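Undergrad: What follows is the residue order along each chain.
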Amino acid sequence: MKLATPQAVDPHEPSSGAVCRFQRSLDDLRRTLNSSLRGKDDVVELVLACLLARGHLLIEDLPGLGKTTLAKALAHAVGGHFARVQCTPDLLPSDITGFNLFNQQTRAFEFSRGPVFSDVLLADEINRATPRTQSALFEAMAERQVTIDGACHPLSETFFVIATQNPVESHGAYPLPEAQLDRFAMKLSIGYADRTSELAMLADHVGAPLTRDEIPAAILSPEALRALQQHVAQVHVSAALQGYLVDLAQATRRHREVVLGLSPRGLLTWQRLAQAEAHLRGRDFITPEDVQHVARPVLAVRLSGEFGSPQSVIDEIISEVAVPVFSAKKG
Amino acid sequence: MHRATRTVVLLAALTLQAATWNSHAHPWLALAGLGLVLGVVDSFGLATRRWPRRMATSPALVVLLISLWCWPYVLEMATRALIGWGQPLEMQIVDSLRNLAIVLAAQHNLAARRVAFLASFFLVLFAFLLRLGVLTGVLAGLYALASVGWLIASHWGRLQGAMPAHTRPQLPKLPAVSAVAIVALAVAASALAASRTTAARQLWGFFPSSGGTRQADPYAWSGIGDGDQVVGAEQEADSFGAVETEVFLSSHVPTLYDLLEDSYGKPKTKPKANDQRTIALAQRSRNGPEKRTVASATAGREFSVVRSGPRRQRAMAERRERAVLYAAGYESGHLRLETFDSFDGSRWFHSGAAPVVSPLRIENSGQRPWIHAGGAISQSLVRGTVERKLKIMHLTTARIPSPPQLAAVAIDKVDRLDMFGWSRDGALELRDHATIPPQTIVNTRSYGMNLASLRAAGDFTQRLPRAERPGDEDAVGFDSAQATHEERIACALAPCYALPPNAESLRGIADAWVAGTPRGWQQVEAVGARLRGGFQHDCQAVPAADCPDVTAHFLATGRGPDYLFATTAAVLLRSLGYPTRLASGFYVQPQRYDRVAAQTTVLPEDVHVWAEVCIDGDCWIAIEPTPGYEAPRETHTWQEAAQHAAATLGRWMLRHILALVAVGALVLALALFRRGAAQHLVLAWWWLWARGNVRQRVLWTTWLLDQRARLAGRPRPAHVPLLLWHAEAAREVSPQFQERTRELLQFANRLLYDDSTRVTAWFDEHTSRLCREVAWGPRRT
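These protein sequence lines are chains A and B, in that order. For the first sequence, the residue numbers in the working numbering are 851 to 1181. For the second sequence, the residue numbers in the working numbering are 1187 to 1967.
Please note that the accuracy of each hint is not assured.
What the hints assert, rightly or not - Here chain B is said to cover these stretches of chain A; the calculated rule only asks that three of the stretch's residues, wherever they fall, bring their Cβ under 8 Å from a Cβ of chain B:
1) 1103-1117
2) 1136-1148
Stated by the list, open to error - Some, not all, of what chain A presents toward chain B, calculated at C-beta under 10 Å:
3) 998
4) 1001
5) 1005
6) 1006
7) 1083
8) 1133
9) 1174
Source of the hints: derived by calculation from the structure; they are not laboratory data. Computed from a prediction, not measured in an experiment: that's the story for all the values here. Just so you know, even glycine gets a beta-carbon here, dropped at the ideal spot from N, CA and C.
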C-alpha cells in the first residue's frame, strides 16, 4: 500500500505562542526557496525540516533540476559564510578541510582554513570525489570539527552540508559508503517541475538581465538559526511515538530485503526531523503523520539491500507497524 | 504468540471434553454444544482483543470475565430445572476456568496469555485425572506439542542465538531401527492374538507386576492371572470371574424388601376394627387374603401401595460401601426383579398364575456361555441386541436383575443350565441359591426395541388370547402341561386385566385421557404421558392407612411416590382393556455415573416401581409414568432417527409458529439492514461509554469513527493515522462534517501525543460539542 499523501500545513491548526516568534522568518525562508525552486513546495518543506533538525542534506537527481540553485538559495538565506566545493577525482582532503602553510616571513606554520569552515558548504557532485576525500567530511559532518595534524578545529555550530550527486553517471564516480550516507539526515530527489512551474520559469527569464544574480539578503542570522534549531529540539515527543519510532527502526532491521537497517544515529535523526516537521506545521508536539512524512527521505539514504526501489520497501515497512492510537497514555 | 496461546487453550478444552465424552448420552450433541460454547467464548475473546487497550482494562472487560465465569453455574441451574440434567460442581468450576482461559488467551497482555497457558495445563491435567482414553491421549499429545511451541515462542528472545545451526545425530541407526522394529512386532503380535480384548489389555497382562504371570502380587492393580487384587477387580470389571468359593459372608447385605422398606417405608396396617369385620365374612372371603398371601409368598411376596413413607435420610456414607450393584456404562435403565399381576386396591401380589416363559438354552458365543432366556418377539420391533454388565454387590436375591426384553444372560464361564430357572412370576433366577454371590459379574443381553410398528399396528390386544373367566382363582392350579400356548398365555394374562374394587369409575378418566387417540400402543403412551406431565413425584405424599381407594386419592391429590404412578397407570390401562402388571426393581440413574470407573452405581434408594404392558403373550414392554425417570430407550436406525428428529422438529415448529415467524422476520430484517443496525448499535455503545473526562470522550469518538469506517467497508489500516484516514472519509458526507471531523481529530492528536496539554473549560466544552457533532453528524446530514 502506498504511503498516505502528506497533508499540507493546516492554516487553522492552533499554534503555541513560542512558534510565532520564528514564524515570520520561516515564512520568508519558505518564500525565498520556493521562488528559487518553483513548484516544489514539498521539497522545500523537507529542506527546511532538515535545516531545523541540524541535519545534512544529500540531493540526488539528474542534471539541471536546480540542485545547486536550491543549495545556494538556502545558503544565502540562512546567512553566514557560504562555501562551495566542486568535487572532482583530483580533489584532495586538504582542499576541503584546509592545511598548514609555512609562512616564510614569520617562519611558522599557519593554518589555512578550508571550505569546511563555512556555515553552509555545498559539495557538488560529491560522488565524484575519491573516497579519501569523501572521508574528510566524516568528522566534520558528524562532530562539527576537523582534526588536522593533531589539532582539533571546531566548525560553526550551524555547519550545514548540502551535497549533490548525479545518479546517472557511473564512470569516474565513487559511491558514498554507508558510513557516510548515515551522516546525512535525508536524501532528496527534486524531480521535474510541473508544466505551470516551467512556464513561469521561462517567463521570468525573458528579458532578464545577463548580469550576475544578486545575492539575496540573509533571512536568518547564524545565531537566529541556532536559536531556532534549539527551539525545534524542544518539540514534545510522547513516549508512545518514541515507541512507534523504535518499532519502525526494528521493522527496518527485520525486513527480508534490507541488509543494513536503521542505525541508532539514524533513529535520532528521524526523531529530530519529525520534530522539525511538526514545528513547520505549527505544532509543539509530533504526531504519527510527521513521522511518516519524513520517513521516505530519512530511510532512503540509509537502507541498503537487494531491492530495486527503496520506496516500495519503505512503504512496506511503514505498513507493518501500527500507529499508536489508543495505547497513547498521558504522561 | 497470540495464535499459539489460543491453539494451546482450545486443545486443552477439547481434551477436557474428550475425557467427559462418554458421560454424555449423546456425545455428538455434547461436541456440538462444546463447539458452540468455544465459538461464543472465543468470539468474546477476539472482540476484546480488538478493543482499544485502554478499554481493555476498563470495567467492561471485568464484567465480561465475571459473566463468563458465572455462565456455567447459571446454565447448570437452568438445565437442572428445565431438563433435569446436570453436572457435578467440579465440572462447572472447570468449565468456568475454561471460559476464562479462552478469553485471556486473546488478550494483548502477555501476563494474561501466560495465565491462560497455566489454566490450559490445569485443564489437561484434570482431563487426565478424569479419564484416559484414546481420544484424550491423542489430544493431549497435540496439546503437548503446541505447548512446546508456545514455550519456544514466548522465550524466543532468549532462545534466539542459542539454537544450534545444525545437528548431527549420534544414535546408531541399526540398533535404533532394530529396537523400534521389535517393539512394533510385539504390538502387532498382541493385536493379532487379541480376540475381543484390545491389544492394550493383552500387553497390560504381560507385565509381571500386574499379575499376568499368575503370581500373586498384593500391589498389582489388575491382570489376566490370579493376582489377589483380581478379586477386587475395581478397575476392570470383566477381568473378574465367578468365584466358586464363598468369599463374603455378611449379615448386613439387604434384600430387595429391606430396600423397599427403606425407600418407601413399611406397609401400613389397617386398624383392628377391620379384623373384626373380617371374622364376620364368609369363609370363602376370609380365606381369600390368606390364600393370596400364601401364593404371593411362594411367588415373591406382595407389594403394598399403602405405606408409611420413606425414612429420614441416613448419614452420608461412602457411595461405594452402599452400592447395591454397579452397571457398566452410562445408560440409564430399568432392572426388573419382581412382578405383580393382581391388585386388590391396596396391595399388589402375584396370583400364582404360571408365567409364559421360554425354555432356557445355552449357547457359546464370544468365549462365554450365554443362557438364552428371551421369548419370541416380533422382528418388526427388534433392532439388534444391547449388552450390559452388572456387578452384584450388596443384594440378597437369587433373581437376576433383568433389563427389559432380556434375551440372554452370562456369568463368566458358568455353563450349567440347571443353575438357572424361572421364578413363579417369570423372573430369571439362580436355582438352589439363596443369593447371587457378591461381586458376581452378570452379563446381560437384551433386545433393542423400536415401537414404531407397534404404534402403527393399532389395537394389539385383539391378538392376545383371553381366558373365558378372567381372574378365576382356580387358575392358580391350572395345568400348564396340558394347555396350549394360547391357553397358557390367556391364563397368565387373566389377572392382568382385573380391576380392583370400586375402580370402574376410572374408566371414564381413562377414556378422557385417551380421547382422540387411536386404540393401541398410542393410548398406552398417552396415559403414561398424562401422568408424567400432569402429576408430581413426591415420595412423602403417601395415602392414609385407611384410604379406601389409593388410585382415586392419587388422582385427586396429583402427587405421590413412584409406585402410585405405576399403580394408577396399571389400573387405568386395565380399565381400557390392556393387560398390565406392576414391576419392581432398580432404576439405573445416569447422575450416579462414575467417570473414573466408567460405571454407574445403583444405590438402595434407586429401588423403583413401574408398570409393564403385555403386547405379545410373553413380551412385556415397560412404561414409565413417573416424572424424572426415563422410559426405556428405543433403538433407531439412522433413518428412523432422522425421521423422528424431523417429525419432532416439525411438531415443535408448528407449536411455536408465531414465535418462529417473529424471530425469522427479525433475523431477516437484521440481515437486510445489518449495516444500519450495526451503526445504531455502535452509536448506542458510544453513547453508553463516551462519558467521563474529555480524554475518554475523544478516544471513544475516535473509536466510533473507526467502527463506522469498518462497517462501511473501509476499515482504517493500522498504520494509517486517524487524521489522514477519517478526514478523507468525512469529505464524502459533507464539507462541514469533514471540517468538524478534522478539528476533532486534531484535538485527539493533541490529547494522544501532547502530554502537556492543559484541558481548560473551553477545551472541554468545545471538544465535547465536537464529539457529539461527529457522533451524530452523519445521521443529520
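Undergrad: All hints, please: hold or fail.
TA: Comparing the hints with the structure gives:
no. : hint      : verdict
1   : 1103-1117 : violated (count 0)
2   : 1136-1148 : holds (count 5)
3   : 998       : violated, 43 Å
4   : 1001      : violated, 44 Å
5   : 1005      : violated, 34 Å
6   : 1006      : violated, 33 Å
7   : 1083      : violated, 16 Å
8   : 1133      : holds, 8 Å
9   : 1174      : holds, 8 Å
Hints 1, 3, 4, 5, 6 and 7 from the earlier list are contradicted by this structure; the remaining hints agree with it.
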